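Novice: Each chain, written out:
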Amino acid sequence: MAMAISFTLNGDRVSSDADPTALLVSVIRDDLRKTGTHIGCDTSQCGACNVLLDGIPVKSCTLLLGQVEGHEVTTIEGLASDETLHPMQQAFKDEHGLQCGFCTPGMVMTGIGIAHRHGANVEKDVIAHELEGNLCRCTGYVNIVNAIQAGAAAMANQPRQEAAE
Amino acid sequence: MTYLRPVTLEDAIRLGGSGGDAAYLAGGHTLIPAMKARLRDPDKLIDIGQLAELKGIDRDGDRLWVGAGTTHAGVEAGAGGIPALAHMASLIGDPQVRARGTLGGALANNDPAADYPAAALALDAVIETDRAAHSAEDFFQGMFYTALEEGELIRRVGFRIPDRAAYEKFRHPASRYAIAGVFVAFLGGEPRVAVTGAGGDGVFRWTEAEEALEAESDLGNIGAPDPADMTSDIHAGAEYRAHLCTVMLKRAVENLS
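If you're matching them up, the sequences are chains A and B in order. Quick note on my numbering: the first sequence kicks off at 1 and runs consecutively. Quick note on my numbering: the second sequence kicks off at 166 and runs consecutively.
Because the hints were derived from the structure by calculation, they are not lab data. Treat the numbers as computed from the prediction; the structure is a model and nothing was measured. Warning: the hint list may mix true and false statements.
[What the hints assert, rightly or not] Derived EDC-like pairs (lysine to aspartate or glutamate); straight-line CA-CA distance at most 16 Å:
| # | chain 1 | residue 1 | chain 2 | residue 2 |
| --- | --- | --- | --- | --- |
| 1 | B | Lys-415 | B | Glu-381 |
| 2 | B | Lys-209 | A | Asp-19 |
| 3 | B | Lys-201 | A | Asp-42 |
| 4 | B | Lys-415 | B | Glu-376 |
Could you put the whole structure together from the sequences, leaning on the hints where they help?
Specialist: Right, here's the structure in full:
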């Protein structure tokens, strides 16, 4: 039998007996029961499955379990600390950056990546451009852009917490 | 399907040559979608995504050498020696795709709408593998076909540093692949023009455009490529693609740097 594959999920060491060629999103959802990461298109287009891999947003529908062995994966469940939301989550709440919420976990991850790349004063047109890999079918992009802008500003006021780099 | 993760390049190449239907897995942003679509079903997946020997960018003489395992984000950030190449990388997919997809994977797949083939052809690139050094001219052999043999692994790609260059593409609004993309480069004063996304047989050099640039004639007079040589699908017809080539060419020439 193959050895179980270990990686860090939301700060905890986990292992899975799934095949190394299993899709990471399936392992996270079905095996490790973290269902906050969603499957939208399953074709690398929509961004609903975005997670952080070593702190960088990636599409978990286009990653194999074997590829993350020994690495750190963060899902939407791993962002808040106890009762305190991650600043990007709080910004989505404050700015009404969601309607049905299906795309939101992936949007938050992309927002965190935008904040890391562009800093506290990122412009709205940059955010809109870099949201090209995330689809919202409620057409709520205006508030999503507002939320990421507010979240990026808020993140600058506190140390990075979602990944050790 | 067997998943293998060799720790050295030599082991990877040995595994790639050990028979069966083996596939190298780098970022996986072409291969995994192809496997999902049942277009690929390799017996062996050889994960080369973490081999440091395949990553990085170095200048050597008149070429910028980019490791095949360098991600699009890595080229965007590190190919400042050729600004047009860095700009081209920034237009691939979306930030999440650019964090994983690699130069080598894109070239090995030779998707007719991918961006790198146009850069490689216009910048007279050398594609260095475990067993050969292919000129871009010989490497691309029609859509999804290349000079690569079974088990052959791209190590790095040497792009000639141009006097000036620019890339402009009309992006598919969902996939971000090129409906038509034109890479213009002046190498030692000689213009080279490569087109991706539009050609019926993949990337091609647009010699009429090169001759017009060489003659410094009015770009407004350059005719579109023959629509019979263009591809046509639900996104854009052949005549429209041919016309887009002229528009992208003009924009690229205006933005040469």
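Novice: If a hint holds in the structure, say so; if it doesn't, say that too.
Specialist: Going down the list of hints, with the structure as the test:
Under the criterion of a C-alpha separation no larger than 16 Å, the hint pairing Lys-415 of chain B with Glu-381 of chain B is consistent with the structure, at around 13 Å. Annotation: proposed proximity of Lys-209 of chain B to Asp-19 of chain A holds, straight-line Cα distance about 13 Å (limit 16 Å). With a C-alpha separation of about 9 Å, the suggested pairing of Lys-201 of chain B with Asp-42 of chain A holds against the 16 Å cut-off. For the given pair, Lys-415 of chain B sits about 14 Å from Glu-376 of chain B by alpha-carbon distance, which is consistent with the 16 Å threshold.
Of the numbered hints stated above, none is contradicted by the structure.
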